[in-house]
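Colleague: Read off the chains here:
Protein chains: 4
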Amino acid sequence: MTAAGLQTVVLGAGGLVAGELMRLLSLHPDVARIVAVSQSQAGKMAHETHPSLRRLPPIAFVARPAGEAAADADVVFAALPHGDSQRVMREILAAGPRLVVDLGADFRLRDPAVFRAHYGEHVCPELAADFVYGLPEAFRDAVRGARLIANPGCFATAVQLLLLPLASAGLLPELVAVHGVTGSSGSGALPKPTTHHPFRDGNFYAYKMLAHPHEAEIDQTLTQVAGQPRRARLLAHSGPFVRGIHATAHLRDAGFAARDIARLYAGAYAAEPFVDALARPPQVAEVAATNFVCVHVKQQGDEIEATLALDNLVKGAAGQAIQNMNLALGLPETAGLMHPGAFPC
Amino acid sequence: MTAAGLQTVVLGAGGLVAGELMRLLSLHPDVARIVAVSQSQAGKMAHETHPSLRRLPPIAFVARPAGEAAADADVVFAALPHGDSQRVMREILAAGPRLVVDLGADFRLRDPAVFRAHYGEHVCPELAADFVYGLPEAFRDAVRGARLIANPGCFATAVQLLLLPLASAGLLPELVAVHGVTGSSGSGALPKPTTHHPFRDGNFYAYKMLAHPHEAEIDQTLTQVAGQPRRARLLAHSGPFVRGIHATAHLRDAGFAARDIARLYAGAYAAEPFVDALARPPQVAEVAATNFVCVHVKQQGDEIEATLALDNLVKGAAGQAIQNMNLALGLPETAGLMHPGAFPC
Amino acid sequence: MTAAGLQTVVLGAGGLVAGELMRLLSLHPDVARIVAVSQSQAGKMAHETHPSLRRLPPIAFVARPAGEAAADADVVFAALPHGDSQRVMREILAAGPRLVVDLGADFRLRDPAVFRAHYGEHVCPELAADFVYGLPEAFRDAVRGARLIANPGCFATAVQLLLLPLASAGLLPELVAVHGVTGSSGSGALPKPTTHHPFRDGNFYAYKMLAHPHEAEIDQTLTQVAGQPRRARLLAHSGPFVRGIHATAHLRDAGFAARDIARLYAGAYAAEPFVDALARPPQVAEVAATNFVCVHVKQQGDEIEATLALDNLVKGAAGQAIQNMNLALGLPETAGLMHPGAFPC
Amino acid sequence: MTAAGLQTVVLGAGGLVAGELMRLLSLHPDVARIVAVSQSQAGKMAHETHPSLRRLPPIAFVARPAGEAAADADVVFAALPHGDSQRVMREILAAGPRLVVDLGADFRLRDPAVFRAHYGEHVCPELAADFVYGLPEAFRDAVRGARLIANPGCFATAVQLLLLPLASAGLLPELVAVHGVTGSSGSGALPKPTTHHPFRDGNFYAYKMLAHPHEAEIDQTLTQVAGQPRRARLLAHSGPFVRGIHATAHLRDAGFAARDIARLYAGAYAAEPFVDALARPPQVAEVAATNFVCVHVKQQGDEIEATLALDNLVKGAAGQAIQNMNLALGLPETAGLMHPGAFPC
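Protein chains in written order, with this note's numbering: chain A, 1 to 345; chain B, 1 to 345; chain C, 1 to 345; chain D, 1 to 345.
Since the hints were derived computationally from the structure, they do not count as laboratory data. From the three backbone atoms N, C-alpha and C, an ideal C-beta is built for every residue, glycine too. This list has only true hints and no planted wrong ones.
Here are the simulated lysine-lysine pairs, DSSO-like style, with alpha carbons at most 27 angstroms apart:
1) C/Lys192 x D/Lys44
2) D/Lys192 x C/Lys208
3) B/Lys192 x A/Lys192
4) B/Lys192 x A/Lys44
5) D/Lys192 x D/Lys44
6) A/Lys192 x B/Lys44
7) B/Lys208 x B/Lys192
8) C/Lys192 x C/Lys44
Where chain A lies over chain C, by a calculated footprint (3+ residues, C-beta under 8 angstroms):
9) 167-180
10) 201-207
11) 238-249
12) 274-285
Going by beta-carbon spacing under 8 angstroms, a handful of chain B positions derived as facing chain A:
13) Leu16
14) Ser184
15) Ser185
16) Pro191
17) Lys192
18) Pro193
19) Thr195
20) His196
21) His197
22) Pro198
23) Arg200
24) Asp201
25) Gly202
26) Val242
With the hints as extra help, turn the sequences into a complete structure.
Modeller: Put into structure tokens, the structure is as follows:
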């Protein structure tokens, strides 16, 4: 930790994303303090719930109201269950932190009607307009200097990074289907039937067919980047692994035939610190526990198959939140995020 | 199904063991009907909860009182949460079925004080004396003709079958430590932190250290078979697989040096239809979904390492319950239980 | 085993598919004998290589030439490495068995040029025309009475069964992308880097991008059934599980809007003994070790997402081979194939 | 990398342990250069074989003779297949590096007869006497200033750390059985039947029963520390996970009854930077990809159950090698080794 000496607060600190956030913040050179707010875990040490924190400076869970916790903070990360952050956001804002990063879906969608269609009634829909959607690869300039950031969803990050170069190049068709597979850590810390080991291990199946709510934020970005209405169908699947999201898209367009799409991707991501365009298919194991994304495009004439891997808890959540914090506060974008991961894992 | 035409009832039919029981009963040549009693699942078809039942004759969950369900039954299988069968046993007995097989721990221990020490107060401790402990390899004669059978625990079955030949031969020391590993299906159908996929996959750890309640029934059997006080320490571990129990014991005794212990095991199990003494280490995957047990002994002078594998849901529960039913009713012991399993799985 | 008393030969008996074939043939009521031909395993018992065979009637591996082995046989199953069966097929045919089922790719493609493009030079391309493509759900009448059957590939079976109802109804577009995931048993019995446990466990990635050879047989069937050129892109992926293939297709067509596509599938498969149209997403674990296929379609206006699960070693190989044998020899189609599988597994 | 500017060489750089070594060396503040020597991988970049290296400074595999590579080096790490380092050791020594750390078994055993009994003939048995056995928790003083270090085996590290406090306290019986379970990465980078995913996943079994060669080095240490002949039986098992070793010992001794053995362990490891005595059972997932060891003792009267978890590739190999390097060169013992790992993983 350096002179920047950031005071940070993590709301919902008992969750898996929060555990990753605190691990990464603990290793961040500019963070001086982490306050872990959790109603359910208060009284315990954070490492009792999150074993990865045991060799890092000790953090105690506290059960403070969000606003009170935010009062001391430079940065507030809200890693609450979807729907909870809208209930405490005004309170947080009133406390006046330099930066709020919300990791839930509450403030990702600018159109209140779209939010309502996917998530139901919003307590303070008017606040959404003040949030910047924190996908640095698409909106880096907006993130710089932002005070309120809505961190993208894990699947949403994967699908957007898979399609962004095409959207930017005007090569994206109106509707694209993306096949996505998520590891079980995407379901959070609370046991449920879909993450019951006897039912998840050795298994594979689709879920939320034609109805995944992350489509809304994906469409919002693609439409903005492409400059015309664009949308994606996320074909979501549950895989028998813990960490990672894998996404695959197949597209066919007469416009591809004359282009080298792999080169297009290589160029689009050449300057990106966390996205690598590979010459071979990416593997979820090679990005596990890192903020890195691997993407690969295979082309044959007018057809392409594009694939991507990222860690749902890091680039899909906690790591991206810190990447956004770094940008918003003028720190080096990669500060505290260059851990390379281990392989095999 | 044949002329025997047994009417069976499964209490607690929503559980994993009950699912296996109904799968095996559906394939049993002498079973005419299966009544699936479940308060929590009533109104659903059994195959909605247990996918393995979907291609078998349809069974509907019903929410009948245990005694009423037992009234029609030749055989009642109680696959209830531990502690529940003692509350309905008098009611079941009053209904007068030909046979009751209790798959819980309630009636396994003959000594009420021992039961209380491990499981707490018993509602009807005096009934335990009427139950035969259903481990055919040790007590086949008693099981034949029994009307009340207490089906052994999964780990207890493994440890006893691992040590029985030594106990019978008077070669068992007073205390033996057995290292056991169980798959996640041993924890049942309800999600819990220890079976949460992100925490179980890729993981391995000990639990209930020096305090596993199955030790009580193991000790009861070993003492009876050895003719003097004998006990085992079950060092229980959770493994990252779904089905199976693996058990390992290391023993050293001057008495071993002059004996071929592998041959002792081969002889002890030669006539057993479900226990095979192998010339190589058994694997849990090779007994998955079967009622078979594989055991192997490696010897070096006065030391032996004995290992065993079985399926916790089958030989460790549902399959053994049917083996007991077959014996008690005078059917062929292997009826409906010779399914060989698939490998790899 | 019954009066039919079939003499069967399995060539390439050391492989995983052959293991499943011998397990299923051993349980088949009309099979009297299984000869296991394997050059590499000769001298061993089949259950030493295939643990699932240990409780079934013993089979010894023998190293006989294919033609000599075929001389005694009613049915010859060739479960050889791709490219090997074409080298022994004339020899097998000369021996005059009642039926030959080839489980490799050598005789699946009627057009020699297409074969060559995907698999290289063929030793006896002229023989391919004599083989019936053994996908009963598409070509049952041709399989009945056939003497030479080319058994479909595992992924090919999945993709065809996923799309057949649309192809039959004239609703299939010219090109469809299907996302497929296979378990590691699809790679066979020999260890290789892609099935090295440290590299496969917890991992997920695409392979053979835009170049999977199963596309050729898929296109052959779809074109024949649809009556016009139709083709599929198989987006193949490796998943961290052992058994099973999962396939997903997303299609959008104005023609769908007026139809109930789920009902179309239900109708198309209503009479199929091994294909079930479910009202929820299928899971690979629920078809493991069975010949059953589960399929589900979700529709929203002009869009559908269709998903399917099968066991690559059974319906994708050995089970389908026996289903074809049953049909070809006039036995009940489901003989020896109704084993329901266990769950969880 | 700092002023220390160490020049390091890794022999056998294509292996899994070497991959971890290069990952950790790349992150080490005092390492200036890593030369990756591999005959089989020469011509490739190290990150092509070891994906974890992709975001670290690039390293190219080179095919130099060991002695020549050592000529430039401050530190030579030999991560060669067992038996290979003895063939090049004289050549390496002649080149005069400051430090050699051998990660194989060749120089771990001081008694040539013991080596021969477990590993066969040795090319240069007389050199073994010059090597220090690099288990810092037992021999830290000897490691400080050593020029030749034999790095312990993975299972050997686990068993020794599990028993050391008892050995030091004079509480270790003459023979102790330790149950050990290893993940598949312990078998190295080359696919083999025991690491074939279809055979390893969902499986569990014993191997090398009563014959694990690591027993020799364990016995050497325990005897030295206890001051009298002591030996351990390593009951080795293969588990269906990638990283980690779990070890369990059950001991019963009249001498335990009067002592608080958990406190003994806590005291013995209080000052150890990489060994933590926990108040609950350790999990292999919580030490994955770290150099940390977790140990726990449960006591009941005169009985204890002691359990331990470590990462076989890190504390069991590469991390310990660097810990030894740090000690030998007078660097801070924990330099480059405090990475906390992620959880879940």
